[in-house]
Amino acid sequence: MSIGAPLRNVVILGGGTAGWMLAAALSKVFNAKGAVNVTLVESEEIGRVGVGEATIPPITAFNALLGIDEDEFLRETRGSIKLAIEFVDWTRLGHTYFHPFGQFGFDIEAIKFHQFWRKLDLMGRTPGIEAYCLAAVASQLGRFERPPPDPRSPLSALKYAFHFDAALYARYLRRFAEKRGVRRIEGKVADAVQRSDGFIEALVLEDGRRVEGEFFVDCSGFRGLLIEQKLKVGFVDWSHWLPCDRAVATQCESAGASITPFTRATARKAGWQWRIPLQHRIGTGHVFSSAHMSDDEAAATLLANLDGPALVDPWILRFKAGRRKKFWDKNVVALGLAGGFLEPLESTSIHLIQAGITRLLALFPDTAFNPVEAEEYNRLMTSQYERIRDFLILHYYATERNDTEFWNQCRTMSIPDTLRAKIDLFRARGRLFRYEDELFADANWIAVLIGQNFVPEGYDPLVDAVDINAVAQKFERIRDVFERTAAGMPTHRMFLNRAAASGGRP
Amino acid sequence: MSNAPIRNILIVGGGSAGWMSAAMLSRMLSSRRVSIQLIDLTDTELDLDSLDAGEASLPSIAELHAVLGIDEATLFRGANATISLGADFVDWPREGARAFRPFGSIGFRLDNLAFHHHWLRLRQSGESAKLSDYALAASAAKLGRFAPPTDDQASVLSTFDYAYHWLGSWHQKVMRDCAERRGVTRIEGDVGRVHVRGENGFIEAITLKDGRRLEADLFIDCSGARALLIQGALHAGYEDWRACLPCDRALAARYASAAAPAPFRTATAATAGWTWRIPLQGSVGHGHVYADAFETEEAARKTLGAALEGAPLEEPRLVKFASGRRMKAWSRNCVAIGASACVLDPLEPTALRLALKSVKTLAQLLPADKNRTTDEADEYNRILGETALRARDFVALRYLTTKAKTPFWTACRAMSAPDSLAYKRDLFEACGRVYLQDEETFLESDWAAAWLGQEVIPRAYSPLADTPDLQATRESLRRMRTMIRSAAEGMPTHRAFIETSLARADSRA
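Protein chains in written order, with the numbering used here: chain A, 1 to 506; chain B, 507 to 1015.
One chain only, chain B, in its complex shape (with noise of 0.2 Å):
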């Protein structure tokens, strides 16, 4: 059997997806002759990516970064980046409760069993400690401290993790260089007609407005939520998630700030939806998501308006979204990435990290023959078709479990939760067992705080958390907390952290 070879791939749309595949594309296919162009749409709505008010990553955001060899400089200096050591969940699930979700571990691991089972039973022991205290990556933040972690698996340092907040359009800039650097060619133009093959379906060619015919073997849709080629050429289909994610409106703006910026960022509850802070060198970037059903364009404004700590920098700008997936995200010879694949409320920052798992999957499973790709692609859905789901499933918790009386969320709390969300809360609740399914973006402490968190409490914690005598356990957490203080402490300030960074990259070059 003679297999024809994928040679040319074509990514339609720029935005932190296309530029970020291109880059990516560029770095992992190098050994293999694959030209790749970038058309860079011209006709873009605002979208949530291209808000431009601070974005948030998580933790393994990391192998992008260390792929494609940025070093954490360029990112402070050219991104605008500060550190993200978790987020802070504010008034939730009711007004005055607080609750930190930190990246990394929570406690250790004690007769190998969960943390948390220790923590629920100290707790009902009339212990107070939150489970925050018994992360590191907690304690720095609060502080404002921050060192990266060590390697070295004795050290309490190697126990947390940590992301970045960036500037959205510096970041893509970034990803930008490092694809037109790579040699990945970029079109400016706007997508005119997308030309179909009848025999088999594959796409063949798009012709832009102005136009010019564009042929690839491998077509990578990064047009955003508008779909043009995945849904708009080939039909791939949409599954709408409104029903457990209510909210379709963001409005976002960011300030001027003179103040050391803060290692997290802030998620708080409001009326009808949430805001967002995330900090930023010289600026703090706010945002607001909301139902539009329940608030209007008015009310929100006001709500963002008195999130502000200082004059927005920008009139506020307001996007309209829509949470769901499409079936198919990857279709014939096309690949949707980024928005035009799922879109996901903004609560917890799934975006970039569901986009790098695209193009590495893809790269993964490129086909050896341009025309036969059924098998691979089958495998691709059912791999980023489980992700999207278990992140939607994280995203939806806290809108289900929140205990407000306003009207939306009265409203949020009648949903019925997805069948696999529903099973996994009966489960925490009547045991403390964290269900971790296939292709999870977030891990078993991850989804512990997050249901502690709303004070989604277990009837009973696991029997094994008895094994040893309380006083013993009392004991070891008094040490946990006492070690994970003192380390936090130990740490450089967050500004002062990145100031060195820059410094040194500086004295480097």
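Chain A with its partners taken away, still in its complex shape (with noise of 0.2 Å):
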């Protein structure tokens, strides 16, 4: 295999989200060489599609990575926490239930939780499991409080995110990328110049101007001006499963009502609205299937259901789920909206970024571009989003409802077959199976397919060799310290305050 000489010139298109992680990581990772000149070519005519704001915990460890302090990017991104979504009229009309970050309970002489909270349910002597996770009792009180890195202390368990105004999240990263040497464009890209052998030479502007590289990112979103338009790598279309293909969205104002650390979705007649509280106002909107709602009536259930005024208008948003066939193809990788789309009903679109990012950075290629680098990056993200969709798929079939052609359509329909093995496993006895390097970890499905119902029949009888009533009260202990925990936390406002406050660096 030849070896290559190391690439010197990282080229990235496009100035959203994913241009502008991107751009921070590498300035962060390559700082200290000072060997790899990263440009980014953006337009500020061109709109962004800020749907991501909610995040999931792996974020933490992106901030880690960049050594951002958490209080000053809450400060500036004008953040929250969140530590749950609440899930609204899912399972059936009028139920609702948390899928909360971290763990159930934990695991008692190696057997699974949620197995001894199954046997406990079924002789009716315990409540609902999210009364055993840390995030959902805090969640409900409407508390939070940073864990310490103690691992005997139980707050230690508590597992959280963030919600952000994504444009002021780009603005935060691109200032951190500039002040290490990234180097901003101007311009809008008109053409990109490839090789005989197809690789990207240069992209060229609209007003002549060449910009060239060795590697280029394409952070352009939906319309994939290199990974498709040039490559033309192809898509893989998923709306036979997830079936909803537009977003109206819109801000409002928060109405002096208490800031939730959590993450609401409320389903609606063909699809859910979200619900993202900020420091300064509330993000919303409502994604459902153009085959079964207009945009006009999609519009008006978002303007009926708002907490308080509109601050701008809502603005109509077209997508597919999908995903590129290839995300990394000659010197080119398709990085978020470039490489696909999957709904935000659990906000992944930051965290498929994210992991697009932390897979280059482990893959990084030099100028041989060696096959196995490209084709390690296109197995590892393909799982990515396809556990996700899975995942995703899951909410929809996973339901009571039959109030609705679109819910109909959606409980009856044919569902992939990795899915249908893990729902399978499960119902039978609580088993779980986890797909190598796959997102969700087993407490997500837990409380997603337990939230909806698909409740295991029986459980590992491995359980039946534990005394029942040393674990009864185990979980009353539980209980009893998650609840004093979560009560003793400051609320989510006087937190946000505190950070607020504190001073920020030197």
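Hints in this document: simulated from the structure, not taken from any laboratory.
Treat the hints loosely; a few may be bogus.
[What the hints assert, rightly or not] Facing chain B, a subset of chain A residues (Cβ under 10 Å, in silico):
#1 V29
#2 E145
#3 L361
#4 P365
#5 D366
#6 Y435
#7 V463
#8 D464
[Unchecked claim] Rough simulated footprint, nothing fancy, chain B against chain A, three-plus residues with beta-carbon under 8 Å:
#9 60-74
#10 368-381
[What the hints assert, rightly or not] A short, non-exhaustive set of chain A residues, derived as facing chain B with CB atoms under 8 Å:
#11 K28
#12 F30
#13 P151
#14 A465
C-beta: ideal position from N, C-alpha, C; glycine also.
Now that you have both chains on their own, put them together as the hints suggest.
This is the structure we're talking about:
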């Protein structure tokens, strides 16, 4: 195999969340070497798709990689804390459950916690499983405290993420990246020049300027200027499983209510509505299937369900669920919406960008572009997208709703074999099988499967070897400790005020 | 739907797989009314499991003894056990080379990046410390010292792991006592005929050679490589691995030794295979694993004789084996555990680990209805099949990357790697990344240490390793080495640890 010279010039096309997250990471990682020049081309005339305002816990690892101070981050992005997603009306109308971050209880004698829970549940001796997850208990009380590093504290089990203003986030990361030497070029890309072997050689801007590079990252959004329009890698369409193809979005005042430390996802007649609380406003949008609902009706539904007066006119987004056949082809990697789209039901958009960045760093190529790196990257990202896809489909499929054509279609659709296998295993005896490199862990699947009433018929036979009365006592203690721990936290608002006041960097 | 639950389990074959299965099942199914019988076969042939010249294990084996409630002193006394902190690989991948593969962590995760990337960076800048200098298990092993790890995550003493060496026949006895105490019935005999039901292919009963007929709902085939039930009666299919694991003979013996036992095993590359050295209390087991096509029995006996450091306690014993696996270890109402399911070159002590995972998975997937087993069997075969293939790849790695010039090793280098292993290697060579698949027995640091030990060096390490200043990384790695060395020096000797453990057990008794 050939060994090439190190890459010197990386060009990022597009400066949305994906572009600036990558620019920030590259500037941080390669800053020490000073050996890689990073150029980002963007145009202020092109609008951003700012749907990814809620995140999941791995974002804290990304912040740590950049060395970002969390309080400063919350101030700069007008952000808030996210401990869970509250799902309203998904299982059936009038039903609510939490999908919290972190674990439920803890394993006993190497047997999974939920197995014991199910046995006690069958005996009528326990409340719902949410009572055993600290993030769910704190969500209900609207409280939060940053977990201490000491693993003996019950608070250390708390996992959290953020809500933030995506436009402010991109601006924040831009300052970070530019300070570390990333060069930003303002301009619209008109074309790209390819070598005879198809590799991209340079971008050509509308004013005729050429931006040359050895490696290009396509962050141009849905259009996929390089990955699709130039390299024509093709698209894998998942809209038969995830039929929502539009969203109408807006922002509204928070009407003085307390700020919830969780995202809310409320099922509607032909889709669902997100509600993301920030410090200064609430971001909200209605994701729907255009085959089942008109834009006007969707907008009317959204406007009828706001916490306070709308701050901007609603705008429509169009998309299609699916992914590129290849995320990395030749010397181009597609990141963010250029790579694929999955609706923000589980707040995975920003995470998929982050996953792409960390894998790209791990597999960073040299100028020889060894095919094994691209192949591994494609394998890893394909599996990330597919597993998240399955998890999203579960939300639509595991429903009892039969009040609209949309929900009838979802409830009776045929689902991917990979998801079918998971559901069957779980429903029989609560067994979970986690695929390699899968983002969502057992606890996430348990929360949604049980939350949407796909409860196991039985439980692991090994549970019967353990004294159930002793287990019941342990369960009571866990509930008690979590309730007291959560009640002792400051309110979410108090926490944010403290973060805002904490002076920041000297 | 009414279910016909499993009430009777018949294990065919004693040996280490049979008695371990009996002990574990009698414990794990204790709350269900299941009766377990075991046919202790008398016509067994000598195989890898019964060579009895020292058996090594992997750290996860602790689970077996924890579930069965067997304490360490019982292993030291009842199974002649010693501690294992890893394996010293000598003369791999070339004569004179040496790499220790420790149990537990190598280095600490720095900046959320696997340690070996930092190590590669320093190596490139001229630093000479070995990878094993960053593993507490390796440091303690070299000093002949041992103390059990602590749970305190903040302490360096929580960063390593350990397993045991023991005398196989004694360990089997510990398992058998445990099973019989829990009510497993032992029947001595030999399989005459296996009766298969015409309508569904399930096994109905076994007639012993003396005419006794034994019926059961579920049959566990622990008859060894002969696979009397799973292959003999159910024809579950076999996958031959000799194309990447060419050794097919093992010759082994023990000699008495009064020296303090080392807390690690040694695997030394030889002309047409390799030799093991496994220290026990009062004796040392030695074996020579080789390929019949490249070394005569006479030459092999000489190789073993040269490795022995004392007079053998008995005439060295020879077994023939072939690496490979059963395609469907669970078929109908029969589950194969042990050599009937998988035989793997013992370069890594995976046999008992695989058998333990088999019996645990079986207990978890035990069908609610004895007549409907397809779904459970499919899932079981997926899990155990993957497990076997991943372990195979880990062992095959050393055969494919050894650089010696003898005809045997030259032929090994010309073998083609299984696709899964070739992919792992390409990726590691390109950028130092370890690709972990489902059901791996060996972890990221094990793979990294194995590749690096075999001098398969990545062309590039992760660019993330370059984030901290070089001097800062050099300093934190130096601190790591110092901390590890002083922690190892503070441990008692291996021999003292065993003696103290036994004395404490005596004073309790």
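Hint by hint, where does the structure go against what was stated? Just the numbers, ascending.
2
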